[in-house]
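Chemist: Turn these sequences into a full structure, and let the hints guide you.
Line by line, the protein sequences give chains A and B.
Quick note on numbering: the first sequence equals residues 4 to 211 in my numbering.
Quick note on numbering: the second sequence equals residues 38 to 382 in my numbering.
Read the hints as simulated data drawn from the structure, not as lab findings.
Quick reminder that beta carbons are idealized off the backbone N, C-alpha and C, glycines included.
Computed far set for chain A versus chain B, every beta-carbon distance over 12 angstroms: (1) Thr67; (2) Phe68; (3) Asp172.
Looking from chain B toward chain A, a few residues come up when the C-beta cut is under 7 angstroms (computed): (4) Pro102; (5) Trp106; (6) Pro110; (7) Met115; (8) Val116; (9) Ile119; (10) Ile123.
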Amino acid sequence: MVNAPTDEQLLADHLAGDGASFESLVRRYQKELYQFVLRFTNSSAAAEDVVQDAFLQVHLVGATFDTSRRFKPWLFTIAANKARDWLRRRTRRQEVPLDAKVGGEDGGNQSFADLLADDQQSAGADLDQDVSRQVVQRVVREMPDNLREVLVLGYFHGFAYKEMASVLDVPLGTVKSRLHAAVASFARRYKATAQNAPAHEDMFDGGL
Amino acid sequence: MGKNRQHNEETQTSMNEKEFVRDDALLDFALNQCAPDETERIARALQNDAEMKNRLELIKNVLAPLDTWTTPPPPASMVSDILDHIAAHQNQAADDQATTIPFEQSEGRGLGGIISLRELVALAACILIFVGILFPGLRLARQNSRMRTCASQMRALGVGASSYAAANSGFLPYAGTSNGPWLVRRGQPRGSNRRHLIPIFRGRFLVNPKLLQCPGDDGKPTADVQDQQEDNEWSILRRSNINVQFMDKPVRITMVVRPFVMPYISDANPLFAGGQFNEDVDPATTNSPSHGGQGQNILHFDGSVGWLSSPMLNRTGDNIWQIGTLRRYQGTEQPQQTTDAFMTP
Chain A
4 MVNAPTDEQL
14 LADHLAGDGA
24 SFESLVRRYQ
34 KELYQFVLRF
44 TNSSAAAEDV
54 VQDAFLQVHL
64 VGATFDTSRR
74 FKPWLFTIAA
84 NKARDWLRRR
94 TRRQEVPLDA
104 KVGGEDGGNQ
114 SFADLLADDQ
124 QSAGADLDQD
134 VSRQVVQRVV
144 REMPDNLREV
154 LVLGYFHGFA
164 YKEMASVLDV
174 PLGTVKSRLH
184 AAVASFARRY
194 KATAQNAPAH
204 EDMFDGGL
Chain B
38 MGKNRQHNEE
48 TQTSMNEKEF
58 VRDDALLDFA
68 LNQCAPDETE
78 RIARALQNDA
88 EMKNRLELIK
98 NVLAPLDTWT
108 TPPPPASMVS
118 DILDHIAAHQ
128 NQAADDQATT
138 IPFEQSEGRG
148 LGGIISLREL
158 VALAACILIF
168 VGILFPGLRL
178 ARQNSRMRTC
188 ASQMRALGVG
198 ASSYAAANSG
208 FLPYAGTSNG
218 PWLVRRGQPR
228 GSNRRHLIPI
238 FRGRFLVNPK
248 LLQCPGDDGK
258 PTADVQDQQE
268 DNEWSILRRS
278 NINVQFMDKP
288 VRITMVVRPF
298 VMPYISDANP
308 LFAGGQFNED
318 VDPATTNSPS
328 HGGQGQNILH
338 FDGSVGWLSS
348 PMLNRTGDNI
358 WQIGTLRRYQ
368 GTEQPQQTTD
378 AFMTP
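Modeler: Below you can see the structure in the form of structure tokens.
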């Protein structure tokens, strides 16, 4: 059995002149990268553009990549930066400081533990699957960028804290507290939104 | 006894693990963010703690809606779109390179290394405009600066000569000669009329030989004179580009003819530029070469310094480059009148 070449090996082969290696890298990560950017920007058009630009960036500056590091976090770093640029161009959204209370301005001093304490029944548990998806989509979309990107990376793409710290270029402890804050923020907003949501599929326009 | 002890130890362990496993740790556990040993410890604690299990379920319920958020796959053409995007960029880069000229930047500047043809043309145009505007002004400013420096040096020579006269019964420096030629021949500087300045330095009334060289003459480095302080006095003379009023006998400062004041020292006489007689030079219209042909500085016998924009003295109309109206010189000619100024090399 022949093991598949590592990302780093593919990049090295590409830099050595093997054109097929770069295409292999694209095929390996295009889906995951597209879904990451799609969840982060909530725009399929942006996701296509950002992913194309991210791979172009890798193609252009691949020679500067430190081969002692892992390729995947580097690729996601590039994509995250470009996605952030796209969001910044589109609109300016106020970010929540890390030491802010979970509930934000309207959440009082509620902590994650407090949130769980009065959440004996999962809000929205009786929602239709598709309606739930739309509520989730809306709630995540309305989260601050810094919380949304760490939630997408940590929950949907299974990045470890260390990898997220590398992608986001922030300390490990910051990533950890940011992911906890993101989950708590999601829980509170989802609960508030789901409680007022009609249990039918046409609650929101559009969708992914 | 032994069983009770074992039970107590297990209870204690369970209590410690329960204390350790807080909501943050449970959240990390639910998010698969725990290290392997921590995962194992929490899993062990969950086996003995129903309340902890309940809290973990609550956390999972909070996270559960996220699982409903599925995203569609990328477009089927995504890979080809990416590769096409890169190929298009490469083609564009190739087109750009065809219209750019590599331009090596100086080391450490970090400006990217290339400049487009259009930028290069614009840069050249800017440089030309700047040169066109600034260069004449800079040249004029440099000439003026050298003219002022030259005048200042002549004043210093005047002070030195005056000091010499004060120490020598009113006589100006005089090297003494017996009908010797005043034009240097065959590399023998002893024939130069400039030898009359040597006593000033010999007597240490002036110590800087650089004063004997006008800075306005681009063709002569002034540093040479400065560096030759240890050289002999004739070497200093050879490097000088100022001329001295003809002297064939000692001249007292009180003998200065009035009402006009004779020139004592001037910039180089163009008739003898280069140390030899230049018969092609028109003395009526040619200024000293020391200031680009614009004019010459004159140190008068009274110590004043003036600028002449022509070789003619303002008061008398006498040409300071000539003896009378003589056009050819051997180096032995002499002025016949005391009012005939002749700036002799």
